[in-house]
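Student: Those sequence lines, one after another, are chains A, B, C and D. For the first sequence, full-length UniProt numbering gives the first residue as 1, with consecutive numbering after it. For the second sequence, full-length UniProt numbering gives the first residue as 1, with consecutive numbering after it. For the third sequence, full-length UniProt numbering gives the first residue as 1, with consecutive numbering after it. For the fourth sequence, full-length UniProt numbering gives the first residue as 1, with consecutive numbering after it.
Mixed in with the good hints, there may be bad ones.
Each pair may be met inside one copy or between any two copies, as identical chains are not told apart.
[What the hints assert, rightly or not] In the EDC-like style, the derived pairs of lysine to aspartate or glutamate whose C-alpha atoms are separated by at most 16 Å in a straight line are:
id: 1; residue 1: K225; residue 2: E103
id: 2; residue 1: K327; residue 2: D313
id: 3; residue 1: K213; residue 2: D332
id: 4; residue 1: K213; residue 2: D55
id: 5; residue 1: K225; residue 2: D197
id: 6; residue 1: K225; residue 2: D335
id: 7; residue 1: K213; residue 2: E321
id: 8; residue 1: K213; residue 2: D134
id: 9; residue 1: K225; residue 2: E199
id: 10; residue 1: K107; residue 2: E336
id: 11; residue 1: K51; residue 2: E302
id: 12; residue 1: K263; residue 2: D32
id: 13; residue 1: K51; residue 2: E321
id: 14; residue 1: K263; residue 2: E207
By construction, these hints were calculated from the structure, which means they are not laboratory data.
Protein chains: 4
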Amino acid sequence: MRIGVLTSGGDCPGLNAVIRSVVHRAVVDHGDEVIGFLDGWKGLLEADYRKLDLDAVGGILARGGTILGSSRVQPAHLRDGVERARGHVADLGLDAIIPIGGEGTLKAANLLSQAGLPIVGVPKTIDNDIASTDVTFGFDTAVGVATEALDRLKTTAESHQRVMVVEVMGRHTGWIALHSGMAAGAHAIVVPERPFDIEQLTEIVGERFSAGKRFAIVVVAEGAKPRPGSMDLEEGGVDMYGHERFAGIGNRLAVELEHRLGKEARPVILGHVQRGGTPTAYDRVLATRFGWHAVEAAHRGEFGMLTALRGTDIVMVPLAEATSTLKTVPADRYDEAQTVL
Amino acid sequence: MRIGVLTSGGDCPGLNAVIRSVVHRAVVDHGDEVIGFLDGWKGLLEADYRKLDLDAVGGILARGGTILGSSRVQPAHLRDGVERARGHVADLGLDAIIPIGGEGTLKAANLLSQAGLPIVGVPKTIDNDIASTDVTFGFDTAVGVATEALDRLKTTAESHQRVMVVEVMGRHTGWIALHSGMAAGAHAIVVPERPFDIEQLTEIVGERFSAGKRFAIVVVAEGAKPRPGSMDLEEGGVDMYGHERFAGIGNRLAVELEHRLGKEARPVILGHVQRGGTPTAYDRVLATRFGWHAVEAAHRGEFGMLTALRGTDIVMVPLAEATSTLKTVPADRYDEAQTVL
Amino acid sequence: MRIGVLTSGGDCPGLNAVIRSVVHRAVVDHGDEVIGFLDGWKGLLEADYRKLDLDAVGGILARGGTILGSSRVQPAHLRDGVERARGHVADLGLDAIIPIGGEGTLKAANLLSQAGLPIVGVPKTIDNDIASTDVTFGFDTAVGVATEALDRLKTTAESHQRVMVVEVMGRHTGWIALHSGMAAGAHAIVVPERPFDIEQLTEIVGERFSAGKRFAIVVVAEGAKPRPGSMDLEEGGVDMYGHERFAGIGNRLAVELEHRLGKEARPVILGHVQRGGTPTAYDRVLATRFGWHAVEAAHRGEFGMLTALRGTDIVMVPLAEATSTLKTVPADRYDEAQTVL
Amino acid sequence: MRIGVLTSGGDCPGLNAVIRSVVHRAVVDHGDEVIGFLDGWKGLLEADYRKLDLDAVGGILARGGTILGSSRVQPAHLRDGVERARGHVADLGLDAIIPIGGEGTLKAANLLSQAGLPIVGVPKTIDNDIASTDVTFGFDTAVGVATEALDRLKTTAESHQRVMVVEVMGRHTGWIALHSGMAAGAHAIVVPERPFDIEQLTEIVGERFSAGKRFAIVVVAEGAKPRPGSMDLEEGGVDMYGHERFAGIGNRLAVELEHRLGKEARPVILGHVQRGGTPTAYDRVLATRFGWHAVEAAHRGEFGMLTALRGTDIVMVPLAEATSTLKTVPADRYDEAQTVL
């Protein structure tokens, strides 16, 4: 069998572990050939690829990033390229294509699958918002990085009697905020699923100080938004020392809480650190299993499917299903995190 | 409601996170009172306890060990103490007891439950071998510590052209060996579930060297055993430099592989480092959820049950079921890890 | 002997290690009594303190922050308080005061020393800019945190063909930028000691891309400034996707480099994470030694002095000298870091 | 200029950082050519080498081990090979050889230097026992790994009321034991420089338990020895549960302390984990500076010398001096660590 693999979309710890696992399973156990398309779908559309043998994937298991490069591609652009992709697949004699990517990638994968190409998808997002799988690789690493930062910030917040507002990734869902906030014992967690009321948030944080505590940690997902009418997001602000603080929900919340509480508040924007670097053991195992099972699915001829974790099993799920809804933080999970004072 | 909590058996990262979560949920949300029995069942039998309020659990979320202390108790001793325990529970006005522990603890918990005491168990084992839950807290931390060590050992093995034999925890099951071995890309993984054939193992490792590789990593669970007749475990051995190397499967395997391969082999016994210290974010979240749901179960009057993770949900499982079988590494999971060369 | 200790100024990993060491050495070896003033100089001026015995410093060696709290005090305010401080020192029967702090704290300490109070200072700054000591504790931890972030960012920058501009601490000096940049192999390091020319910086980064590399890492100290006329710092900017990016040298540089290079550039502002949390082993040893030697100096009656590291020795240096000049990055050290392509 | 570089002796975090730095400085700044001899002196004796250009050292800064491989060579063997080495140096047109290694390597380097070969040495030992330099790279990483393990073991020791005996590296000197023991707050530190009296050690640890503490941590260097007559080291022992525990000072001490104190004692042998894997930022900076200055010395024609750290400066020291004495832990440094109860 001849297999093409590609990585598309934003960076995510564990991508290399999937690539390595595909190559190991396919080449060693099945005697397959594997090629890797460069820079995501672009590589498929332009037949830009390199051979992936055992040496090519040596030492990459624990390395962040992707040895194949990645890029974002416009869906329209890909739609126009279906015939070109089909031609390359035929020319290269490919029996299976394994795209590893997030929601956009999987939608593109579904498009190509419906056009008849032999696709087995592997879901990837540090945001953990793909509905068809219990967990995606990369998420555990992102939560780990955020939790370590929160652990560090707690002691400095306490020494200086401050509110720390820590902005973590999560444009549409609050999974990273929820898990890192629970793991670090944050005193308030603000997620996109629940538009926040700034007065209520101020009250929650304020109660801590009233109870004699010297600091508070607020974790906020980058995509969190105030309840309409609760707070004006458009403008930036000036903190209690007259310094300008600018756009971004973390910065905005820090300014707002400082004004309302009369306590120093400092924003920390974790940013790209969450999506780079060595994956945790958890993510390496999950990524390795996804790669292994994607190859198996290809050999069973199960195309148009996606690898997914259900409990402790890896199962195959239709691509079409996988991208229909976003997995958001449900009310009961959010409630579990509300106890902390 | 008045709740007693205790930790019993071996140390496990996340114990304090459960204790804290029980106190937070019970005290803050339900207005309960919580006491902690000291040093496991012993504390219950001797009515040795202290009050656990919010201050008592301040700052313990990320701390290893258990603020309540732990001990191992003989089942017979506990059986004789049932009436004493019942008396203390009545005297203290306890409505629920939440023991946090491994297989032995849960069996004891079941005994007391059948004797009519109001028990909600929380499973705990770094070995991950409790059948009724997908995962136990502490396991992820143990795997993380082992993986970090394996990552380090790889470079030193490569520089010196050695075989490294790394012994990890797992007396009856090979979960830590399997996951850390997969995460670090070990070249052979030896688990208790599959008695090994020393000749076959030598062959697998030897093939790597034949293929031009300069080193190999073997991960072995402490409880792994040779296939009967394959290797004599009783005696120690002498390595190729004439140094005595002694009992313990890691040491034995290193001696044996060195003799058979004619390559330097070095044992590393990770030991207690795997069960101490700060829990990973994963374990803190799981432990926190277990504590939260144990309190909820108590308030619903669901006694004789155990918290368990199923997929992404926390469910309640009968104590009796929970301890009937050991969760061993199944064949298909083991096969997934066999691809690595 | 009766000793008072206090921590003043910004947070710094290792403060608790100094406090613990002072208590251990003084109480255990000399039979002294130790009290800790709360929230820095404020505690001394208001006679707000608590007793520090062995139990009070149990378990704090590896903990970030300061159990005594800290605050910044206006020099004028302290000057007015000299008599009050003297009164408290007399009332409390103190034979020595050990303030742990940065430049401002040490200047205040010198003032009180010249007024006749028995002061032994301990230098503290994550910025490493105190001239009289080879290294200050906290610096190694800050460099470690920054380096770990840079390691992570490298893989994500490479996967996405980006310039990452990472802003680290260092208002007046570039030590953290220099060391973390060298440790992580940054491609350009921008420090306050050398106002940068934006065109030259663009050229250096651009050459990397011309040479076929896919990414670049720029480390910039928060206090770095453009050469007059080289770049307008007042205004914010708009990146190549039309998003506003605002003040702060990291953000500014990212916007500027993106415009000039035509490559995506992303800023990461590490912020307070660098000064919180567990100190490295290096910082704990240095902090412990400083505390030990401060007590010894007090017992020898060597007041008006500061502990300092010279090579591998701890020596005592006059407070007056210690604060007269800032230790900046010298030309030859900067040159050592310029080789990286 | 044409430079040959080689790594010899035991593995040490930072070796790759030196190699990379030599190549960067030599190739980029001086336009030199650099070759790397494989597997230490063996590569020089057998003219086994590869070209080291910028690509060859890409991505190795943070990687443990050595890309050149290493081996130990018998001094006699090298002595016989001087002419062969001289021949290869002439044939390859080498202007300088930079061997990176420990005491044995530097003695060999001195031998070759005295035979007229153009040598600039770089000292390397995780043990930190080379007298001519304040610190060697690799030491900080080893101390960091040991400290992290000790941090983890503390909580598990406390939960189980145990003595933990942790054996760290240090065959002839106790630097790793001293620094990791101070950093982690060990309750006793046993080093080769001070043969221990088992009764005195038992007393020190016992006092902790008498004072109501629940656990103790003992750090012991692998080369530590009992005072003659104090304890019989030859035989192994049987612990209080009848399990055999065998040779190695860590195991022996655990058995002995358990018997004498009547408390559970557990040995942990950290082993090779201390010398593998990613170097700390500190070690990367030091290693990078050593490489840079070695190239500079070569260009200045300063042969027969060794790079060394003195305070914050890198200086050149005669090879002959460097290996004449071992840097042992002096009495006053040891005393600083004796305060802990």
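Student: Would you pick out the hints that fail for this structure and give their numbers low to high?
Tutor: Failing hints, ascending: 1, 3, 6, 7, 8, 10, 11, 12, 13.
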